[in-house]
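K.L.:
Read off the chains here:
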Amino acid sequence: MIEIKNISKSYKEVKALDNISLNIEEGRLFGLIGPDGAGKTTLFRILTTLLIPNRGTATLMNLDTVTDYKKIRRQIGYMPGRFSLYTDLSVQENLEFFAKVFNTTIESNFEMIRDIYVLLEPFKKRKARDLSGGMKQKLALCCALIHKPKILFLDEPTFGVDPVSRKEFWDNLKKLQKTDNITTVVSTPYMDEAALCNEVALIQKGKILAVDTPGNISKRFTHKLFEIKTNNNYKALLLLRKMDGINSAFMFGNSIHLTLNNSKKVTQLSTELTANSFKFSIKNIEPNIEDTFMELMQKE
Amino acid sequence: MSRVIEVENLTRTFGHFKAVDNISFTVEKGEIFGFLGANGAGKTTAIKMLTGILEPTSGRGKVAGFDIITERNKLKFKIGYMSQKFSLYEDLTLKENIGFYGGIYGLRKREIAERTKKMIVRLQLGNIENTLISEIPLGWKQKIAFSVATLHHPDIVFLDEPTSGVDPITRRQFWNLIYQAADKGITVFVTTHYMDEAEYCDRISMMVRGKIAAMGTLDELLLKHTAKDMDEVFLKLARD
Numbered sequence: 172m173i174e175i176k177n178i179s180k181s182y183k184e185v186k187a188l189d190n191i192s193l194n195i196e197e198g199r200l201f202g203l204i205g206p207d208g209a210g211k212t213t214l215f216r217i218l219t220t221l222l223i224p225n226r227g228t229a230t231l232m233n234l235d236t237v238t239d240y241k242k243i244r245r246q247i248g249y250m251p252g253r254f255s256l257y258t259d260l261s262v263q264e265n266l267e268f269f270a271k272v273f274n275t276t277i278e279s280n281f282e283m284i285r286d287i288y289v290l291l292e293p294f295k296k297r298k299a300r301d302l303s304g305g306m307k308q309k310l311a312l313c314c315a316l317i318h319k320p321k322i323l324f325l326d327e328p329t330f331g332v333d334p335v336s337r338k339e340f341w342d343n344l345k346k347l348q349k350t351d352n353i354t355t356v357v358s359t360p361y362m363d364e365a366a367l368c369n370e371v372a373l374i375q376k377g378k379i380l381a382v383d384t385p386g387n388i389s390k391r392f393t394h395k396l397f398e399i400k401t402n403n404n405y406k407a408l409l410l411l412r413k414m415d416g417i418n419s420a421f422m423f424g425n426s427i428h429l430t431l432n433n434s435k436k437v438t439q440l441s442t443e444l445t446a447n448s449f450k451f452s453i454k455n456i457e458p459n460i461e462d463t464f465m466e467l468m469q470k471e
Numbered sequence: 295m296s297r298v299i300e301v302e303n304l305t306r307t308f309g310h311f312k313a314v315d316n317i318s319f320t321v322e323k324g325e326i327f328g329f330l331g332a333n334g335a336g337k338t339t340a341i342k343m344l345t346g347i348l349e350p351t352s353g354r355g356k357v358a359g360f361d362i363i364t365e366r367n368k369l370k371f372k373i374g375y376m377s378q379k380f381s382l383y384e385d386l387t388l389k390e391n392i393g394f395y396g397g398i399y400g401l402r403k404r405e406i407a408e409r410t411k412k413m414i415v416r417l418q419l420g421n422i423e424n425t426l427i428s429e430i431p432l433g434w435k436q437k438i439a440f441s442v443a444t445l446h447h448p449d450i451v452f453l454d455e456p457t458s459g460v461d462p463i464t465r466r467q468f469w470n471l472i473y474q475a476a477d478k479g480i481t482v483f484v485t486t487h488y489m490d491e492a493e494y495c496d497r498i499s500m501m502v503r504g505k506i507a508a509m510g511t512l513d514e515l516l517l518k519h520t521a522k523d524m525d526e527v528f529l530k531l532a533r534d
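Protein sequences appear in the order of chains Z and S.
Here our numbering is used: the first sequence runs in plain steps of one and ends on residue 471.
Here our numbering is used: the second sequence runs in plain steps of one and ends on residue 534.
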């Protein structure tokens, strides 16, 4: 459905994208996971035909993003990272406007947006600028879907959104994928959202670190991972970072995630923590996507 | 221990809408206090009242020893503030930003020069001190913004979603700065949508529709709401 070959894009000296290649199959919910400045938005702009790459090519449904841009634009939906709607128009007026631009009506593809629209309906006369963050996001999604696109691009739709609204948004995406078989490319800085995708690409500083299913990505972690809980994690972390034989040590919620160099044994670590009068527990755990992302980042 | 924040029955209405509805709580010196809530729950309105920007409709409070209604101007010299949306001036250099904020906070020229030098050494910023902020990556910017917000050695620093969009390693480096500040006795009042970060706090409060629906240490909250982590606590409370 989407084929990206050796795409590079620079702004002056800054390499936003550095020789990126990716294939995304039809009907997938594909996640582009990476922090601010990784190149996610640049890639979205190239794929949505708004930006021309310096090198490489990209095709959507076998249409080239540079030469066939007019055909592509009719068949994709794009929800940019920053709020993209007309803030001085009402909810209803925004929907009508986007429908007209794409030469369609709200009614003709209503089935697709019904579930989300129902939540918006009580506010349909309200100006877009007066909506809450979660509602703005729902309206933006409706507007991106109004012409029944084959591919949907969502650039950080959950940025700065609280955990409850984030979960609702992802439930909507899952449903769309199931009932309408839309191919969706979504970017996010939240690592926990990667688990909700069929396939993810981890992206950092313009390079793809890894592409795989969320389940398989964590298998790329190369060390044995330990979880340590102590009575004072901050002090323990300072001590661990000074110790010999520690490969990495990071805070993870109410615990520390740690890997050891080959020479170091867990029993040695226990002895050292005890000697410094910490109360603690250590256990071996499976790495998650954030652990993996951080390890891959450090190798770069 | 002394109290850095002390509020009683704080309320703020906009027309018929109660953005903050009768909240009372205290925060101790050197505490890292997590202030959670869904979008629109009233966090920002509460922070505006605590920092003396917005007058409460009713209720009272003291922050850093000053009344949030009658001593707002004195209060502002005792607090620091940064957010993901607003922190540093993009079209000023790193050094110019430090100088500007130092001036606003009433520091003398010599103090500004000394603290600028110390900060540049501590954060290893020697090679970018004359770079425009707009050309510095977000992760760095946020660390600098935090140091600038604490340049005048405030009693308390308010951080409004300071790490949104920052990569996981930089996010943790940022939290190291928070721990260091708390270790020195600066109280940290922080909002975040990352639930693992909520777990780094000494105490967590959770706002739901203008009220404080829960408050306590992580362990207390997990026990009370029979949850395995903060994410679960958040989902349970916010959906009630």
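These are computed hints drawn from the structure, not numbers from a lab.
It is possible that some hints are incorrect.
Subject to a maximum C-alpha distance of 30 Å in a straight line, what follows is the list of computed BS3-like cross-link-like pairs (lysine-lysine) [as the list claims (entries may be wrong)]:
#	chain 1	residue 1	chain 2	residue 2
1	S	K312	Z	K400
2	Z	K450	S	K518
3	S	K312	Z	K298
On a predicted model such as this, the values are computed, not experimentally measured, just so you know.
K.L.:
Is K312 (chain S) close enough to K298 (chain Z), meaning Cα to Cα at most 30 Å?
P.N.:
Roughly 21 Å between the alpha carbons, so the hint for K312 (chain S) and K298 (chain Z) holds.
K.L.:
Do the alpha carbons of K450 (chain Z) and K518 (chain S) lie within 30 Å of each other, as the hint requires?
P.N.:
Holds. K450 (chain Z) to K518 (chain S) sits at ~24 Å (cutoff 30 Å).
K.L.:
Between K312 (chain S) and K400 (chain Z), does the CA-CA distance stay at or below 30 Å?
P.N.:
With Cα atoms ~41 Å apart, K312 (chain S) and K400 (chain Z) exceed 30 Å; violated.
Going down the numbered hints, you'll see the structure goes against just number 1.
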